[in-house]
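**Student:** Listed below, chain by chain, are the residues.
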Amino acid sequence: MNWITNYVRPTINSLFSRREVPENLWTKCPECGTMLFHRELKDNLNVCTACDHHMAITPRERFAKLFDGGLFAEVKVPEPLADPLQFRDQKKYPERMRAAQKATGEKDAMLVAEGELARTPIVAVAQDFSFMGGSMGMYVGNAILAAAERAVKMKRPLVLFSAAGGARMQEGILSLMQMPRTTVAVQMLREAGLPYIVVLTHPTTGGVTASYAMLGDVHIAEPNALICFAGPRVIEQTIREKLPEGFQRAEYLLDHGMLDRVTHRRDMRDELATVLRMLMKLPPAVRGDLPAPEAGAASPADAAAKDSAAAKPAETKPAATAKGGDTKPADAKSAPAKAPDAKGSGTKAT
Amino acid sequence: MNYLDFEKPLSEIEGKAEELRAMARSNKEMDIEKEAVALDAKAAVLLRDLYKDLSPWRKCLVARHPDRPHCRDYIEALFTEYTPLAGDRNFADDHAVMGGLARLGDQPVMVIGHEKGSDTKSRIERNFGMARPEGYRKAIRLMDMAHRFGLPVITLVDTPGAYPGKGAEERGQAEAIARSTQKCLEIGVPLISVIIGEGGSGGAVAFATANRVAMLEHSVYSVISPEGCASILWKDAEKMREAAEALRLTAQDLQKLGVIDRIIAEPLGGAQRGRTETVAAVGKALETMLAELAGKAPEALVKDRRQKYIAMGSRGLAA
Ligand SMILES: [Zn+2]
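Top line first, the protein sequences correspond to chains A and B. Read left to right, the first sequence gives residues 1 to 350 (this note's numbering). Read left to right, the second sequence gives residues 351 to 669 (this note's numbering).
Warning: the hint list may mix true and false statements.
From chain A, some residues computed to sit far from chain B (all C-beta separations above 10 Å) [claimed, not checked]:
#	residue
1	Asn46
2	Ala56
3	Glu171
4	Thr183
Calculated pairs, DSSO-like style, for lysine-lysine (alpha carbon to alpha carbon, straight line, at most 30 Å) [said to hold, decoys possible]:
#	chain 1	residue 1	chain 2	residue 2
5	B	Lys589	A	Lys242
6	B	Lys585	A	Lys28
7	A	Lys92	A	Lys102
8	A	Lys107	B	Lys658
9	B	Lys646	A	Lys153
10	B	Lys384	B	Lys366
11	A	Lys107	A	Lys65
12	A	Lys28	A	Lys281
13	B	Lys378	B	Lys392
14	B	Lys366	A	Lys107
Rather than coming from a laboratory, the hints here were simulated on the basis of the structure. Glycine residues also receive a C-beta, built at the ideal position from the N, C-alpha and C atoms.
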């Protein structure tokens, strides 16, 4: 059943972020103070090489390392009403939006993509903390619904990376309504019998934690991520005492039964592949840095090609694919017929 | 009568009339009735003026008024055979959330609501209507029971928000709220919600994700309190008036946005000045809304509820 009237059309992604490379080529680790060279930090997935502190990573950077060969197709998100409340604080909401769009090169705080992870076809959605604190408004809700709908249509699992300060106040009650809306998205996946994995990253708070981020089949968090409903400052004001070290951090939540695992960003891809492939009853994953799937039946980009006459994904494929052209998308062929087939998924997009 | 700050001129006039009458009682020679009646008339005009166009911030104050009827008052007056059911079967019974079996007319229902308390002792016992995870988990248990036995669920929402405490976080406040919202969306029975005072953020959504949502005329429903919003966006908690305005948290705006279905009128001067009338009006609205959903198949109720939330946000407000 189609829950969203707008047809969700995947568009081919440009591998590279539209963001500028920072002029300052050195970043100081906010945790240990080590100066880290930009390139080195990027190669290490924005994790401090000295102390393992996990810094923010944009959805595009994350997807580039998550998907085989860095190739993924963006799933289009239906545009919500702009500024439905005519909200104005010290600035007008549309001004804040324009500033955030300019600073990030993104439309809003969520990116939806489809592609293969260790040859496992998935839909992924990632929240962008650098876009107005990742705040959850109509667009974020639409993105999660679009992702769930796409996953159901393609019979793929959904992996969601959360990162948000909470609801977007500038959308008032409509941001609050994303709690039930995104919960419906989770229900769509459950009813379709598809895995929904949540990766909770720093920080995941407020209404985001109290809806889709806590409704996964499996909850994996990045180390030391702050995960809570009410933030530590609010609690300290309420109870008038200092909170213990590590309160509401990932390891603490793991101890208190709210998470399944705390996993280093470096190991996340393998772990997701392992879990997803078991839940999808696929054979064990092929390990290592896989090149992008070949332009064949298994390519998620194929879907884009069929949908959009303008896009020629096979030709616009990033350089990453070329060097590994000899690797076959093995799983698509070796997967048992019963399993949700990667082969068919690319061609059923229309 | 507890007067709100903005009602101060009213309290002065009503106080003067009261004083005059007290004086007349002790001194039979005095004839003050004419003056007192004039003051009454002046007070009536002032009350009408004050409540004619309540600003969003003033609505917040009225919604939080301690003399407003609370969940318990509605349950006692509108339902019969109310049988409280306690506990989340895990950790505790949360007194900020009341719930149990009851009859509305002849119809057995499950009624669940936030209770703020009515005096210092009961307010503390009820934690000022701020539920902990156990409250949401109790609600989940009751909604589930209602679903299995085919009883409509009625929720009465009146909370500043979920309790921001250490234990509440440790025991999974966020997860409890998420599951409660999920349960609201799952049950194959009519789910009707009335926001009777404060609809505070996630703590409210966890009960108010319903087939029909009504709000009392001066109640509020918001993603964040105006004070909280002001301190974040204006960096000044004193800007709560501006924040209340911007958040569009009144029943009137929320109906225009399609977030709520119905507004229940309050007596002149707010629910606190006509508790019986208010409770009766809510009772009538509950019956009407239940009747609207009567005879619907469980699957249709679930589908309609989901569709309603999916579609939400297609309507905006003009400046
Ligand atoms: Zn470091």
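**Student:** Next step is simple, just say for each hint if it's right about the structure.
**Tutor:** Structure-based check of all given hints:
no., hint, verdict
1, Asn46, "holds, 25 Å"
2, Ala56, "holds, 20 Å"
3, Glu171, "violated, 8 Å"
4, Thr183, "violated, 5 Å"
5, B:Lys589 <-> A:Lys242, "holds, 28 Å"
6, B:Lys585 <-> A:Lys28, "holds, 28 Å"
7, A:Lys92 <-> A:Lys102, "holds, 16 Å"
8, A:Lys107 <-> B:Lys658, "holds, 26 Å"
9, B:Lys646 <-> A:Lys153, "holds, 29 Å"
10, B:Lys384 <-> B:Lys366, "holds, 13 Å"
11, A:Lys107 <-> A:Lys65, "holds, 21 Å"
12, A:Lys28 <-> A:Lys281, "violated, 43 Å"
13, B:Lys378 <-> B:Lys392, "holds, 25 Å"
14, B:Lys366 <-> A:Lys107, "violated, 61 Å"
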